[in-house]
Amino acid sequence: MSAFQLPLASFGGAIEFIFTPQSSNVTGGEKVGGFDQVVELTLKQLEVTLLALALALVVALPLGLYLGHKGKGELLLVGLANAGRAIPELALIALVAAVIGVGLLNLTPALAVLGIPPILTNAFVGVRQVDQATIDAARGMGMSELEIIRKVELPLALPTLMGGVRLAMIAIVATATIAPLAGVESLGDFILNESVYGSDGVLAGAILIALLALALEGALALLQRRLTSDGLKLKTS
Amino acid sequence: MGDVALLAAAGEVGGDFFKERDSDSLPCQAQPDHLFCFDWAQENIDRYGTPTLQHFEIVALSLLFGFAVAFALALLAHRNRWLRPPLLAGTGVLYTIPSVAFFFLLLPITGRGRDTAIIVLAAYTLQIIYRNTMVGLANVPDAAKTAARGMGMSERQVLWRIELPLAVPEIVAGLRIASLSTMAIATFAVFIAREGLGTQIYGQGNLTFPTSIIIAAAIVIAMALAIDAILLSVQRLLTPWRRARPA
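Sequences listed follow chains A and B, in order.
Using our numbering, the final residue of the first sequence is 238, and nothing's skipped along the way.
Using our numbering, the final residue of the second sequence is 567, and nothing's skipped along the way.
Pulled out of the complex, with its shape left as it was, chain A reads as follows:
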């Protein structure tokens, strides 16, 4: 019985930490945690995540669509995807902080690096999967190459592409947890500073980060449904 009581008590303390400020051993009487600080840090982690995701999209989406349209660079992309997966996130953030510098301006590109490979490869694969006959038909109707990419290949590649965006988001939001190592506040503060926030704060941080990641994933799944053309939904379901 006590084996179950202990975890339950820990989770209870964490929930309390999320909603009401708690006293801390090291802040000299100043309270830590509570709903206001939770909202503030959640928004900060959301901000750096979305900034990095946007930057990754700006870099990877046009390049992926272009390479997919031309059918070039497959080997390069496979290599890049593998290399991207093997990058140790902790080392990347620590190295950027130690060598280039700290702050949002330095952290955002570092996080974007993690999101570029999945978006790039999925955009490429999505475009390559489009039936050649469809593209020929579009060309026969007099569409320019740019129109073919925008009006035919992009909509048809969208489900695959969004899969890549979701992978990118998962990698970025997970690594934004250690943003405090690069001088940017995030919910990771609760986890990395146990001396300030206590074990309740650490667990609260873990719960909040997990919820944030799941909420973002849910939001992107909804967005994917909204963006996917109705014709494609009929085919897949």
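Just so you know, the hints here were simulated from the structure itself, not pulled from any lab data.
The C-beta atom is built at its ideal place from N, Cα and C for all residues, glycine as well.
Hints may contain errors.
As the list claims (entries may be wrong) - Some chain A residues close to chain B (C-beta under 7 Å, calculated; not the full set):
(1) 99
(2) 210
(3) 211
Said to hold, decoys possible - Selected chain A positions facing chain B (Cβ under 8 Å, derived; list incomplete):
(4) 8
(5) 11
(6) 207
(7) 218
Said to hold, decoys possible - Below, simulated SDA-like cross-link-like pairs (lysine to any residue); rule was C-alpha separation at most 25 Å, straight line:
(8) 234(A) x 413(B)
(9) 32(A) x 428(B)
(10) 234(A) x 129(A)
(11) 234(A) x 403(B)
(12) 234(A) x 455(B)
(13) 45(A) x 59(A)
Given the coordinates of chain A, work out where chain B should sit on it, guided by the hints.
Just chain B now, kept in the frame of chain A:
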């Protein structure tokens, strides 16, 4: 004075180094904006042995458990169609939870240490391996299965002799993706277990010492690529028919 000889001598005693104020004669690691100190790396490379071994063990065990569970789930879902949506969603949730958060969610239950790290990393591999195994099984041509049944094979024989061997490329592809990312994510294990190559990145002043971060990252990437190459050879060995008929 012979500066070179002095530096070499100071290297032996370590701490005395930092009393030297003249920045030209400071050793590399005491200079404010150094990137990589080859001399330090050469002298201290042994300290990476134990963390490398720990890192490898954590990753290998995680992959082993992850594969065992994901493979079993895939076989169950292969027989029972209704299990597919909940298993896909369930493994998806596990994949979405950031590993650092996952470590500390388990902390009240499994405590600090290697076990917690392995549970989280194994959970993280489930979706990739499960999904690839399902894709591999779905890609097996119906004609092959029909022919096998026509030869009098039972359903169990069809699964183990026809479907699974033909699904090997996808299954190994899943394992390769899982091993690459697990190798990288295992650096986070330092937060919960104080083990692995993450210890050489985070903690003991390493965060401000790029040389150590670079060495640790290089070992992680090298191990990831080595395991990837091994898995690729395993796939080649398991699918001899693919070599006979180039795709």
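Please verify whether residue 234(A) and residue 403(B) have alpha carbons no more than 25 Å apart.
At roughly 22 Å apart (the allowed maximum being 25 Å), residue 403(B) and residue 234(A) satisfy the hint.
Would the hint on residue 207(A) be counted as holding, given a Cβ-Cβ threshold of 8 Å to chain B?
holds, 4 Å
Is the shortest C-beta separation between residue 11(A) and chain B less than 8 Å?
Holds: closest Cβ of chain B sits about 4 Å from residue 11(A), inside 8 Å.
Checking one constraint from the list: CA of residue 234(A) to CA of residue 455(B), max 25 Å. Satisfied?
Holds. Residue 234(A) to residue 455(B) sits at ~20 Å (cutoff 25 Å).
Hint residue 210(A) vs chain B: min CB-CB distance below 7 Å?
Nearest chain B Cβ about 4 Å off; hint holds.
May I ask you to test the interface hint for residue 99(A) with respect to chain B, counting a Cβ-Cβ separation under 7 Å as satisfied?
holds, 5 Å
Regarding the pair residue 32(A) and residue 428(B), is the alpha-carbon distance no greater than 25 Å?
Distance ~24 Å between residue 32(A) and residue 428(B) Cα, so the pair holds.
Hint check, residue 211(A) versus chain B [nearest Cβ-Cβ separation less than 7 Å]:
Cβ of residue 211(A) sits 5 Å from chain B, so the hint holds.
Quick check on the hint: residue 218(A) CB to chain B CB, less than 8 Å?
holds, 5 Å
Supplied contact hint for residue 8(A), tested at 8 Å Cβ to chain B:
holds, 4 Å
Pair hint residue 45(A) and residue 59(A), alpha-carbon separation not exceeding 25 Å:
holds, 21 Å
Please work out if residue 234(A) and residue 413(B) have their alpha carbons no farther apart than 25 Å.
holds, 23 Å
When the structure is compared with the earlier hints, no violation turns up for any of them.
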